[in-house]
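Now for the letters of each chain:
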Amino acid sequence: MKSSEGLHLKTYFLLFLMVTFGPVGDILLGKGMRTVGVPPAWTPLELIHFFLHAFSSGIVWLGIASLLTYLICYTLVLSWADFSYVQPASAFAYAIVALLGHFWLGEFVSTRRWIGIATICLGVLFVGNTALNTTGRR
Amino acid sequence: MWLEAILLSMIVLGGTAGELCITRAMKVVGEVKDFRPLALLRVFGRAMLVGWMWFGLALMGVGFFAMLAMLSMENVSFVVPVTALSYAAGAYGGKLFLGERVTPLRWAGILLVCLGVILVFQGKG
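As you go down the protein sequences, you meet chains A and B in turn.
Here the working numbering is used: position 5 in the first sequence is 333, and no number is missing along the way.
Here the working numbering is used: position 107 in the second sequence is 230, and no number is missing along the way.
Extracted from the complex, chain A is given alone in its bound form:
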């Protein structure tokens, strides 16, 4: 691997952006969809009304903008790192989503759910100790 340190630095910077913009986008979508409410029926017409209502919410659009930023970072990092490395490495976002959901949206998060999220983060640490690219392609 050429310039391994630089490649890792670049990867970690983009992963940092991913774990920032991803959770904020999810939280904004959650907050926006909470105001939209559940569709009264799951028929095509009701679903069209439901999604039109959702896309009239400014918070939903802010969430989409944040998730698009996440997607751009994700796409860039996938141009050199393995999919099966990048995807779990971004799992720290789950802990951040739960923290933001609890403190920002006031959602109840049970002890078992916290343990589950901690287990996810532990899995991420395992994944983070494996090779960045296993296909040999650049």
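Just so you know, nobody snuck in bad clues.
Some chain A residues judged to face chain B by a derived CB distance under 8 Å, without partners named:
1) L357
2) L406
3) S407
4) W408
5) Y422
6) A426
7) G429
8) I443
9) I448
10) F454
To list a few chain B residues with every Cβ distance to chain A over 12 Å, as calculated:
11) L131
12) S132
13) L136
14) L161
Keep in mind that the hints were calculated from the coordinates and are not lab data.
Quick reminder that beta carbons are idealized off the backbone N, C-alpha and C, glycines included.
Could you slot chain B onto chain A? The hints should help.
Structure of chain B alone, referenced to chain A:
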């Protein structure tokens, strides 16, 4: 419950398959070395010429709409962690579809992530 299961499947399968297609497209484009805005625009322009990119975006769109529907029914601190089920699908897909070698340590990590997802599901308040 059935509705949630269907939506979750759409999020996990649509999202993962979409990401795999986008990965395949980006491997065709090659490693991004120049991060200046104009260079990035050129990269995305090249990526948009790869069919896999469009297929991936369409599949991710399906996952996104299913996610919006599920977020209208459940808390975000429940919905987002359970979608981590896509990790197992992603690793398996990466191995089959992209020829990536998934090491035993990485499998162990993915297994832990899945165990965590199960606990999150059980801890639904």
